[in-house]
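**Student:** Put the two chains together into one complex; each comes in its own frame, and the hints tell you how they fit.
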Amino acid sequence: MSLPARAATLLVAFLAVVGLVVFVVVHILLSEPPTVDFTAGHVAGQPVSMTIMTDPVNDASDHPDWVSYFVKSPQTGKWIHSTIWQLPAHTRINVTAYEFDTCDPLRNQLMGLVTGTIGGVMSVSGEAYGVNGKEISVVNSDTTCGVAHTFTVPGLGLNVPFSGVLYTAKNQCTLGPCGMSFTHTTTTFSFITPGPGEYRWQCFIPCGLATVDGNGHAMSTIGFMTGYLDVVA
Amino acid sequence: MAAASEATTVGGNREPSHGLRVFLIWLPLALAADLVIWFVWGPHLPPGTMSSSAASQQFDIKVMAVMAAPVMLFVLVYSGYAMITWRSRDGDDEDGPPLEGNARVQFSWIAITTAIVLSLFVFGTVELITSAGAGAGEGPSPIWKPGGKPLVVQVIAQQWLFTYRYPQYGGFETPDLVLPVGQDIQFNVTSLDVIHSFWAYQLGVKSDANPQVNNIAYTKTLHAGKVTVRCAELCGLWHGAMFDYGRVVSVAAFQSWAHATEARMAKITKLLPPYSTVYSPNEIKGLARFYYDAGLPGAGGGYYGPQYYPNEP
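If you read the protein sequences in the order shown, they are chains D and W.
Take the first sequence: its letter number 100 is residue 100 in the numbering used here, and every next letter is one higher.
Take the second sequence: its letter number 182 is residue 1182 in the numbering used here, and every next letter is one higher.
The shape of chain W in the complex, shown without the other chains (with noise of 0.2 Å):
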């Protein structure tokens, strides 16, 4: 590459301007590349559009790929037009021509790549805030929130099963996710015995549920629809049959929905421990007791014990 970007002379012969023909077959190759991944595949690719994280995230792997494509595709086209023009020929033994060093070539590589990275960095940043977390967990004290009163959420994990706890309707659990369209969701993700992860597939949400944690990941829906609820972490026996569907509803149905399940599952509500973000053994009534006064103290020897006494309800 070192003489490949200007005309010279090369055993009498003139040689052509090798850099400029590579641009020339990069060029048009990099630009079709581009208009295909951002408006042909990118429509298409996961997590969708269904909510802020979501949609963000398909926005940021569109730019990723348009980043990518033209740096893979002059890697491509150089290799193969190094391999068909300078290829060794019948009855050539000669060497080739010294290989000397290019400033310009050498600048221009380390610019253009460290301009790439740096831009992506602070892309990447600026996409990480802007999108409230990016549908990721924050742990139990967020960053970045948005703006308004979100829908809270509770998601309680456990072997091997996800439950949904809504506080701001009477704090019902239920084994359904539904959720209003257009509105501002905060996940309160838990865990009541090892550790799983929330994933919500086409909400671009996924957040580790750790037990006695409380892992806050926001997003906002845009669009109704079904959503794949799986845990992402292996959890034990089940962990592949560890799913649900929730559903992304009109505002009104979700009223209807809500008020309609607080009322049905009042009679069991009553029984939950007070809504909590964390759900340690001593905040279900009896359990720790009853494990260790029966000589069995659970994980690690310490999970239950007169440590959560105190506390219990």
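Looking at chain D on its own, in the form it has when it is part of the complex (with noise of 0.2 Å):
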């Protein structure tokens, strides 16, 4: 093989190792989903509301049998897939959960308390306890239904326990996001950010289902049923 050849073929594969290298760190190593901002135009000591869903199916991923949460715009009200939530320190956020998922029991039954929220309670209504407003500190998953999936910040001890829709329930939702028509129930708590930091949080329930312990997937993608809280100042 000529010298020039061979210059050309090893510029070739350098290149190549070099794209790779920046396809593996762009599209693998650096993605992560957009960046929910709850911050704009807050007015300090004003509480910020936020909205969030979890879906047993989604179809704005490449996985669409994953479950999920979705979380709303409050910019323009639209359902984002996304579980990066930027939020203002030291804040009550007012938190609305509607839950279309049916339930697992917990791997961990303390996962069923309620933490780290204001009073140390949520406020549940949907047909799971055929109550509405009820404000309740702790699930029991061994009933029939008692958690679909959990919102937990282990570093702000934040734990609550959303409670799922019947298996046996009609309508179910079977394309995330959820319209409101579907069965569903709906969380509602508060909890104070702390100061600002990133604050990972993830469910409890082994809800990646056919994975090793039910912690694959959707357990350990970050945008499906993990993220993190990134709080300003």
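I should point out that these hints are in silico values taken from the structure, not numbers from a laboratory.
Among the hints, a few may not be true.
Capping the alpha-carbon separation at 20 Å, the derived lysine to any residue pairs in SDA-like fashion look like this [what the hints assert, rightly or not]:
#1 Lys1267/W <-> Val138/D
#2 Lys72/D <-> Thr39/D
#3 Lys1267/W <-> Lys72/D
#4 Lys1267/W <-> Glu135/D
#5 Lys1267/W <-> Gly157/D
#6 Lys1270/W <-> Gly120/D
#7 Lys1270/W <-> Ser137/D
#8 Lys1270/W <-> Val138/D
#9 Lys1267/W <-> Asp1176/W
#10 Lys72/D <-> Gly157/D
#11 Lys1226/W <-> Ala1253/W
#12 Lys78/D <-> Ser61/D
#13 Lys72/D <-> Thr174/D
#14 Lys1226/W <-> Gly157/D
#15 Lys1145/W <-> Gln1186/W
#16 Lys1149/W <-> Gln1255/W
#17 Lys1267/W <-> Asn140/D
Covered by chain W, according to a simulated footprint, are these stretches of chain D (three or more residues, beta-carbon under 8 Å) [claimed, not checked]:
#18 7-14
#19 107-116
#20 199-208
Label pairs and their computed distance ranges (CB to CB) [stated by the list, open to error]:
#21 Thr1228/W <-> Gly19/D: 40 to 48 Å
#22 Lys134/D <-> Gly1240/W: 32 to 40 Å
#23 Leu1234/W <-> Glu32/D: 20 to 28 Å
#24 Leu1045/W <-> Thr35/D: 57 to 65 Å
#25 Thr9/D <-> Leu1099/W: 46 to 54 Å
#26 Pro1274/W <-> Gly19/D: 52 to 60 Å
#27 Thr1125/W <-> Glu32/D: 44 to 52 Å
Beta carbons: idealized from backbone N, C-alpha and C, even for Gly.
**Tutor:** This is the structure we're talking about:
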């Protein structure tokens, strides 16, 4: 092989390796869902309202059969497939969570305890309880339908178990983000954000079905059942 | 080195006693290094002295360092001495003197290094026994146990959180690790899912957390303070965030905390499975049946299944 041919081959191989590295870094290591900003226009001292939903399926990713969180954009009111939420520090966050998924038993029943919310309670409405706005502080996931998913921020001591939809329920959601006409439960709670920092959160129901211990897939992918709160000053 | 230990005559010139020179250079350096290691550096060596196992580990590291420093210094001193004394000088094209064996030096070298290694072997074994496992997990049937009745704290690892259960206080479970000072502690370490590792740094305790295995580690708290707990086994997405901070407090403060927490957690404690040294899926009511009936046998295809049904509570 001539010298120019060898040089060209070497250059092509080098560029291929560089391209592969760039692809891995950009598309795998640095890829994150968008940050949903709840700080824009926020007036200090005023509470922030955040609306989220948990769906059994989604149409917003390459994995439509994975369970997933969605969050409502405070700017547009549209549902966004993201689990990275930017919140103002030292602020009361009023959360409304719609749960469209059915329920699993908790692997650790401790996660059935509501902690870190204002008053140590959450308010639940939905068919699983047959109540509207009942305040409860503990959920037994061994019951017929106790917990579908949890919203847990270990660094804040915050844990809220969402009651799920009965397996026998009619009109279950089959495409996320789910419309409010589908059967769901509604959980409301409030918590106070700490000082600035990133606080990871996750679901503690092993809901990454068909994976090792149920903690793969959606449970191990930011944008689905885990993410972080980006608390800023 | 063969001819270095005694004065000789080479090329009509009387050679000095190189061995004595090396020894006289090495001795004060070794003494100084050992004194600095023991008295200056030693008290600051990790993991500190918050517990018996931590203090034991610090002592062991000090002993190892005191033993190793003279050996390392001898190698460095001899190398430096040789490079300076026997270096090639301008105009010197002759071969050096022939190397010959020196039985005394060889025997001394082998005897001293053998004695060091064997003494450290005995020392390490004794230290492992007398400190009841030196803070490491000893498996479900520990060989070395402390005397008395230790406080049992169960460490439950799961992706990605440590929780702690206190069977002697009604079996409550909490994300908070609180320990009394001056008390023997028995950590019963297990996992609900994959392999984790419970590493309480300042306590000098590190024990693998394996699913369906009770890995027991002992220590005795000596000082009050803050304890950093980290997972030391790569366990998934949030492995790096799987840490918390425990506290070693006075006995009175611990009793107050334990009783208050027992009462506060009573409503969830009654929903927990009965205290057990391990928690297999069958001990989580309904979980095995739920997954298996859904056609999802879990890890390796057999983590959940009928084999677990008979023991469901």
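**Student:** Could you say whether the range 20 to 28 Å given as a hint is met by the Cβ separation of Leu1234/W and Glu32/D?
**Tutor:** Holds, at about 21 Å.
**Student:** Does Gly157/D sit within 20 Å of Lys1267/W, going by the straight-line distance between their CA atoms?
**Tutor:** 18 Å, holds
**Student:** Using the Cβ atoms, figure out if Thr1228/W sits within 40 to 48 Å of Gly19/D.
**Tutor:** 42 Å, holds
**Student:** Taking 57 to 65 Å as the hint, is the beta-carbon distance of Leu1045/W and Thr35/D inside that range?
**Tutor:** 43 Å Cβ-Cβ, so the 57 to 65 Å window is violated.
**Student:** With a cut-off of 20 Å on the C-alpha distance, tell me whether Lys1270/W and Gly120/D pass.
**Tutor:** 18 Å, holds
**Student:** Just to make sure I understand the rule, a stretch counts as covered if three or more of its residues have a C-beta closer than 8 Å to a C-beta of the chain. Does the region 7-14 of chain D meet that for chain W?
**Tutor:** violated (count 0)
**Student:** Does Lys72/D pair with Thr39/D here, judged by a C-alpha cut-off of 20 Å?
**Tutor:** Since the Cα atoms of Lys72/D and Thr39/D sit roughly 14 Å apart, the hinted pair holds (cutoff 20 Å).
**Student:** Lys1270/W and Ser137/D: Cα distance at most 20 Å?
**Tutor:** Holds: Lys1270/W and Ser137/D sit about 14 Å apart, inside 20 Å.
**Student:** Take a quick look at whether Lys78/D and Ser61/D sit within 20 Å of each other, Cα to Cα.
**Tutor:** 16 Å, holds
**Student:** Count the residues of the region 107-116 of chain D whose CB lies closer than 8 Å to any CB of chain W, then report whether that count reaches three.
**Tutor:** holds (count 6)
**Student:** If you draw a straight line from the CA of Lys1267/W to the CA of Val138/D, is it 20 Å or shorter?
**Tutor:** Given pair Lys1267/W, Val138/D holds - Cα atoms ~7 Å apart, limit 20 Å.
**Student:** Would the pair Lys1267/W and Lys72/D pass a check requiring their Cα atoms to be no farther apart than 20 Å?
**Tutor:** 34 Å, violated
Hints 3, 10, 18, 24, counting from the list given before, are not met by this structure.
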